[in-house]
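Asks: Let the hints inform the model, and build the full structure from the sequences given.
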Amino acid sequence: MSTTGQPHAEPFRVSQLLYDTRYRSYTIQIFALFVIMLAFAWAIDNAVRNLEALGKDIDFGFIFETSAYDINQHLLDYDSTSTHGRAALVGIINTTLVAIMGCITATIIGVLAGVLRLSRNWVVARLMTVYIEAFRNIPVLIWILFTVAIVNEVLPGVRSFRGEDAMSGLFFDSVFITNRGFYIPAPVFEAGSTAVGVVLALSIAAAWYFGRWARARQATTGRILPVFWARLAILIVPVLLAFFAMGSPVSLEVPALKGFNFKGGIYMRDSLIGLWLALSVYTGAFIAEIVRAGILAISRGQTEAAYALGLRPGRTMSLVVLPQALRVIVPPLISQFLNLTKNSSLAIAVGYMDATGTLGGITLNQTGREMECILLLMAFYLAASLTISAGMNAYNRSVRLKER
Amino acid sequence: MAGEKPVAFVAERQIPPSPPPVRTGGALGWARDNLFSGVFNSVATLLSLAFVAYILAMVVPWLFLDSVWNASSLQGCRQVDDGACLAVINERFLQFVFGFYPEELRWRPILAFVLLFVAIWPALFSSAPRKLLIFSALYPLLAYWLIWGGSLWGPVGAVVGIAIGWACIRFLPPLVRGRLDEGLAFLAAVGAGILATALWWLFCVIAFEDALSAVLAIGLEPVESARLGGFLLSTIIGVSGIAGSLPIGIVLALGRQSNLILIKAVCVGFIEFIRGVPLITLLFVAWLLLSYFLPPGTEFDLILRVVIMVTAFASAYMAEVIRGGLAGLPAGQYEAADSLGLDYWKSMRLIILPQALKISIPGIVNTFIGLFKDTTLVIIIGLLDPVGLLQPIRADQNWNGIVWELYGFIALFFFIFCFAMSRYSMYLERNLDVGHR
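Chains H and D, in that order, are what the protein sequence lines are.
Using my numbering, the letters of the first sequence map in sequence onto residues 400 to 803.
Using my numbering, the letters of the second sequence map in sequence onto residues 3 to 439.
Since the hints were derived computationally from the structure, they do not count as laboratory data.
C-beta: ideal position from N, C-alpha, C; glycine also.
Check before you lean on any hint, since a few could be wrong.
[Said to hold, decoys possible] Label-pair restraints from in silico Cβ distances:
#1 Pro356/D <-> Phe463/H: 49 to 59 Å
#2 Asn471/H <-> Tyr56/D: 50 to 60 Å
#3 Ala216/D <-> Ser414/H: 47 to 57 Å
#4 Pro712/H <-> Glu14/D: 45 to 55 Å
#5 Phe173/D <-> Gly460/H: 52 to 62 Å
#6 Ala655/H <-> Tyr56/D: 31 to 41 Å
Replies: So, in structure tokens, the structure goes:
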């Protein structure tokens with residue numbers, strides 16, 4: 400049926416590799432591949448010869464050797480007889496700790512500052528502008544050093560909590576803010592706390608399920624249920640009941656002054672506090688700008704349209720403005736979280752032992768294995784960033800506007 | 003009743019409008035509207051004012067009224083007054099600016115700094131004479147020579163290498179015209195040019211330098227890298243990073259958008275790798291690892307290695323910013339360029355990039371600011387930028403225990419530069435805005 404035969408086949412000429420767009424891209428790519436492989440081969444050959452000249456080799460065995468150094472702040476069991484691998488793990492957990500704490504506080508500060516900067520109140524808006532400009536235009540390293548200096552120089556010493564006219568701690572003498580760091584109560588889990596935990600998990604699941612059920616019901620019957628209060632009750636009441644039924648199995652261990660220092664509770668070192676606060680306030684300034692841009696990106700017409708439909712301001716915010724603003728806000732927000740995590744590597748400047756301080760600091764110096772340590776360090780940060788950005792891309796796809 | 007008609011009221015003159023109530027106009031009305039429009043707002047205003055007053059009451063006497071400018075030690079300051087001991091900045095100012103650069107040679111970095119403005123003038127303002135671009139192109143080598151010193155013939159040799167490459171590209175194609183296809187000849191000429199430049203740099207520059215130095219020794223006293231420090235060092239790293247990262251970032255962004263799978267994969271890999279790791283790890287690479295990957299025995303200055311890594315770091319971020327600009331252009335622009343028959347490079351150069359770069363100006367300047375701020379990280383690998391100079395100053399027993407003055411001074415320096423950059427970007431945005439969209 401089809402009468403279109405083969406097009407007139409020209410004999411292939413070598414110049415087609417350069418002039419025919421069908422082939423040219425292959426030529427360019429093969430040439431590029433060749434050049435890149437040549438460059439890599441050259442660099443690796445150099446590295447091999449350099450290492451040989453120094454009598455070194457590539458060997459990751461050191462991570463199973465004894466580290467022989469102490470880490471002053473650790474969440475895992477660790478002492479100087481542990482391995483370098485465990486030291487690195489402690490460092491990674493310390494990085495994660497400061498990153499998570501920082502992301503939470505930075506988000507709170509950033510959202511507050513971003514909203515307040517849009518406020519009609521002239522004084523408040525100007526104050527927020529000053530805050531944002533000051534933090535965006537001064538290096539984070541200076542802020543970190545500065546904050547640690549404030550903790551060390553301005554806060555009261557441990558000594559001032561002792562003796563005749565002793566200061567008392569915050570929150571009924573349970574939190575102590577000193578120039579050595581913060582001392583906060585530690586939770587103590589006794590027998591029966593597992594049951595409370597299980598109840599908590601069940602109520603979270605129930606609250607989530609209730610939300611779904613209420614939405615489905617609203618979709619079918621049009622009746623709106625008080626989801627927020629119901630969820631709050633589901634979350635709190637069973638847990639409280641379980642807590643008292645099991646005889647208060649979770650208690651707080653309050654730090655107390657014994658001798659020259661506080662004993663008990665959780666001790667957050669000055670370097671952790673300084674790093675955490677500086678990173679939060681610094682990143683908060685960037686998040687504030689993101690939040691402001693997100694709110695401004697939603698055109699006024701959206702709010703007016705929602706009012707015209709008869710929605711009250713609260714529902715306008717939660718149903719119309721926020722879902723659209725979040726689409727603008729979340730991607731750069733996540734990249735700020737990543738920046739905060741990467742900036743936490745500046746801990747090395749104030750002596751907080753994060754992944755850079757252990758793996759890229761003392762372990763590197765003690766073992767003299769630069770190549771291996773830095774590769775591992777980069778691999779850790781890379782894995783963390785790529786995981787988070789993969790999650791972010793998935794989110795972006797799910798909220799993307801469906802256009803033509 | 004007869005004749006008496008009630009006279010309707012007739013206004014003989016217009017009543018002048020009465021002034022608005024005091025409460026809605028003027029400063030008072032403004033304050034009512036903006037500061038005290040509700041309970042919450044009033045509380046917020048009062049709290050903010052109290053906060054500002056508290057900070058000012060703390061800082062103003064300390065910084066202005068009770069500060070001491072002339073003393074030789076912290077104790078000396080405290081004897082005069084208990085405010086800020088600015089005498090330390092007074093004494094160490096030149097060290098903050100130049101690091102340990104030899105005193106009698108300091109005119110050289112100053113001259114380089116002044117010439118920097120001449121070099122960037124044509125880039126910043128379109129009114130500048132175009133011929134100045136030649137000077138801008140030569141400026142990096144000139145600045146290198148001024149700051150590090152050494153024989154003049156080294157930089158001249160480098161320029162000669164570039165000139166040889168350019169001459170190959172310019173003059174080879176006409177020689178073979180007729181015998182070879184035009185495009186092929188051009189490509190061959192480019193290849194020959196790059197090869198000739200590389201060969202010249204690898205094998206001939208040193209001989210050239212030695213030969214000319216023997217005939218006519220023109221040179222400046224060499225200064226080692228270890229003596230560079232302070233704001234001079236920050237500026238060197240920052241300016242080189244900024245100058246290098248923009249073109250590399252553009253190339254990477256175009257590569258990421260390319261249809262050529264391999265090129266795209268390489269660019270994506272590079273960008274994501276660099277963006278995934280903190281700058282510190284890259285500085286560690288510059289410090290400890292980079293020399294492993296170069297031929298054995300290569301001596302390579304630490305500052306130069308740092309500049310390379312900082313440039314690579316900023317390029318990846320720049321590429322993402324520019325990619326945003328490229329993606330922000332409507333597809334019609336690409337199609338229009340294609341339908342005019344422009345080839346890839348022409349359509350990019352004439353149609354796409356001017357618009358894409360314009361919409362990414364805020365992001366580009368933000369990257370510049372970030373890069374400039376990140377230059378402080380070099381203290382971690384032991385370079386003496388302003389933050390790195392704090393340690394030696396505090397270790398000096400005269401100034402032992404001084405904290406806030408030094409941090410404040412360095413912070414002010416960075417603030418002025420970065421704030422100026424962000425204002426310039428706003429000016430540029432307004433200036434280039436042609437009112438589309």
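Asks: Each hint needs a verdict: does it hold in this structure or not?
Replies: Okay, the hints, checked on the actual structure:
1. Pro356/D <-> Phe463/H: 49 to 59 Å: Holds, at about 57 Å.
2. Asn471/H <-> Tyr56/D: 50 to 60 Å: For Asn471/H and Tyr56/D the Cβ distance comes to about 35 Å; the hint is violated.
3. Ala216/D <-> Ser414/H: 47 to 57 Å: holds (49 Å)
4. Pro712/H <-> Glu14/D: 45 to 55 Å: Cβ of Pro712/H to Cβ of Glu14/D: about 52 Å, so the range 45 to 55 Å holds.
5. Phe173/D <-> Gly460/H: 52 to 62 Å: With a Cβ separation near 59 Å, Phe173/D and Gly460/H satisfy 52 to 62 Å, so the hint holds.
6. Ala655/H <-> Tyr56/D: 31 to 41 Å: At roughly 33 Å between Cβ atoms, Tyr56/D and Ala655/H fall inside 31 to 41 Å, so the hint holds.
Taken one by one, the earlier hints fail for this structure only at number 2.
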